[in-house]
Amino acid sequence: PLTAGPVDVEYAIVPDRDLNGAGLLYFANYPMILDIAERQVLAGAGLESDLIDLRTLVHRKAAYLSNASADERIKVTVEAWIHNPSLSGEDPEISPIRLLLNYKMERGSDSRLMLISSAKKVVLGRTVEETAVFDGLPSPSGS
Numbered sequence: 075p076l077t078a079g080p081v082d083v084e085y086a087i088v089p090d091r092d093l094n095g096a097g098l099l100y101f102a103n104y105p106m107i108l109d110i111a112e113r114q115v116l117a118g119a120g121l122e123s124d125l126i127d128l129r130t131l132v133h134r135k136a137a138y139l140s141n142a143s144a145d146e147r148i149k150v151t152v153e154a155w156i157h158n159p160s161l162s163g164e165d166p167e168i169s170p171i172r173l174l175l176n177y178k179m180e181r182g183s184d185s186r187l188m189l190i191s192s193a194k195k196v197v198l199g200r201t202v203e204e205t206a207v208f209d210g211l212p213s214p215s216g217s
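Counting from 1 along the sequence shown, just add 74 to a position and that's the residue number in this note's numbering.
If you are wondering where the hints come from, they were derived from the structure by calculation, not from laboratory data.
Keep in mind that the hints are not guaranteed to be accurate.
Distance ranges between label pairs, derived from CB positions [what the hints assert, rightly or not]: (1) Phe101 / Ser123: 25 to 31 Å; (2) Ala136 / Ser183: 29 to 35 Å; (3) Thr205 / Asn176: 21 to 27 Å; (4) Glu203 / Ala102: 35 to 41 Å; (5) Asp165 / Asn103: 35 to 41 Å; (6) Glu167 / Asp145: 32 to 38 Å; (7) Ile110 / Gly79: 27 to 33 Å; (8) Lys194 / Glu122: 35 to 41 Å; (9) Gly95 / Ala137: 31 to 37 Å; (10) Trp155 / Leu98: 45 to 51 Å; (11) Ser160 / Gly95: 48 to 54 Å; (12) Phe101 / Leu198: 24 to 30 Å; (13) Gly95 / Gly199: 36 to 42 Å; (14) Gly79 / Ser160: 44 to 50 Å.
Okay, derived cross-link-like pairs now, DMTMM-like style, lysine to aspartate or glutamate, Cα gap no bigger than 25 Å in a straight line [what the hints assert, rightly or not]: (15) Lys194 / Glu146; (16) Lys149 / Asp82; (17) Lys149 / Glu203; (18) Lys135 / Glu167; (19) Lys149 / Asp90; (20) Lys149 / Glu204; (21) Lys178 / Glu204; (22) Lys149 / Asp127; (23) Lys194 / Asp165; (24) Lys135 / Asp82; (25) Lys178 / Glu153; (26) Lys194 / Glu122; (27) Lys194 / Asp90; (28) Lys149 / Glu167; (29) Lys149 / Asp92; (30) Lys194 / Glu84; (31) Lys178 / Asp82; (32) Lys149 / Asp184; (33) Lys135 / Glu153.
We treat Cβ as the ideally placed atom computed from N, Cα and C, and that holds for glycine.
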C-alpha cells in the first residue's frame, strides 16, 4: 500500500462546474472528483507532482449509486497501492509505475454511498528504477 490505510478526502461541490440543470451532481464529474481526491492522497504519500501528472487510466470499474445536491459535501475514501515489480520477478529498470486504486464516495449529510470504483493506472515515461517511489512507504506489517 501507498498509505497506512484508507484515506478520506473531503470534496466541496462547485455548483457552476459540478451541477446539472436539475441541481444534481453530474454523473460525468464523479471520475474527476475521484481523480482530485486521488491526487491529494498520492501527494500526501510522497509521490512527486511530476509523477502524479503522468498518471494514465488503463481500466476503471464504477457503480453509480446515488446523487447529491449543491449544499452537500462529499467524502471520498481512497485506498492506493503501487505494484512492486521485484515481487513478481519483473525488471525495475524497465517496469512502468503501476497504481491500483479503490474509491468510495459518500454524501456528507447522511453517509449514503454514492459510488464505488476501482482503477488501474500507469505512470508513463518513468520507470520504477528512475524514481524513489518505494522509499518511505509503509511496510506490509504497518510498522
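Here is how each hint holds up against the structure:
no. : hint                        : verdict
1   : Phe101 / Ser123: 25 to 31 Å : holds (29 Å)
2   : Ala136 / Ser183: 29 to 35 Å : violated (22 Å)
3   : Thr205 / Asn176: 21 to 27 Å : holds (23 Å)
4   : Glu203 / Ala102: 35 to 41 Å : holds (37 Å)
5   : Asp165 / Asn103: 35 to 41 Å : holds (39 Å)
6   : Glu167 / Asp145: 32 to 38 Å : violated (51 Å)
7   : Ile110 / Gly79: 27 to 33 Å  : violated (20 Å)
8   : Lys194 / Glu122: 35 to 41 Å : violated (20 Å)
9   : Gly95 / Ala137: 31 to 37 Å  : violated (24 Å)
10  : Trp155 / Leu98: 45 to 51 Å  : violated (32 Å)
11  : Ser160 / Gly95: 48 to 54 Å  : holds (51 Å)
12  : Phe101 / Leu198: 24 to 30 Å : holds (27 Å)
13  : Gly95 / Gly199: 36 to 42 Å  : holds (40 Å)
14  : Gly79 / Ser160: 44 to 50 Å  : violated (23 Å)
15  : Lys194 / Glu146             : violated (29 Å)
16  : Lys149 / Asp82              : holds (6 Å)
17  : Lys149 / Glu203             : violated (34 Å)
18  : Lys135 / Glu167             : violated (30 Å)
19  : Lys149 / Asp90              : holds (20 Å)
20  : Lys149 / Glu204             : violated (34 Å)
21  : Lys178 / Glu204             : violated (32 Å)
22  : Lys149 / Asp127             : holds (23 Å)
23  : Lys194 / Asp165             : holds (20 Å)
24  : Lys135 / Asp82              : holds (20 Å)
25  : Lys178 / Glu153             : holds (9 Å)
26  : Lys194 / Glu122             : holds (19 Å)
27  : Lys194 / Asp90              : violated (30 Å)
28  : Lys149 / Glu167             : violated (37 Å)
29  : Lys149 / Asp92              : holds (15 Å)
30  : Lys194 / Glu84              : holds (22 Å)
31  : Lys178 / Asp82              : holds (9 Å)
32  : Lys149 / Asp184             : holds (11 Å)
33  : Lys135 / Glu153             : holds (15 Å)
Hints 2, 6, 7, 8, 9, 10, 14, 15, 17, 18, 20, 21, 27, 28, counting from the list given before, are not met by this structure.
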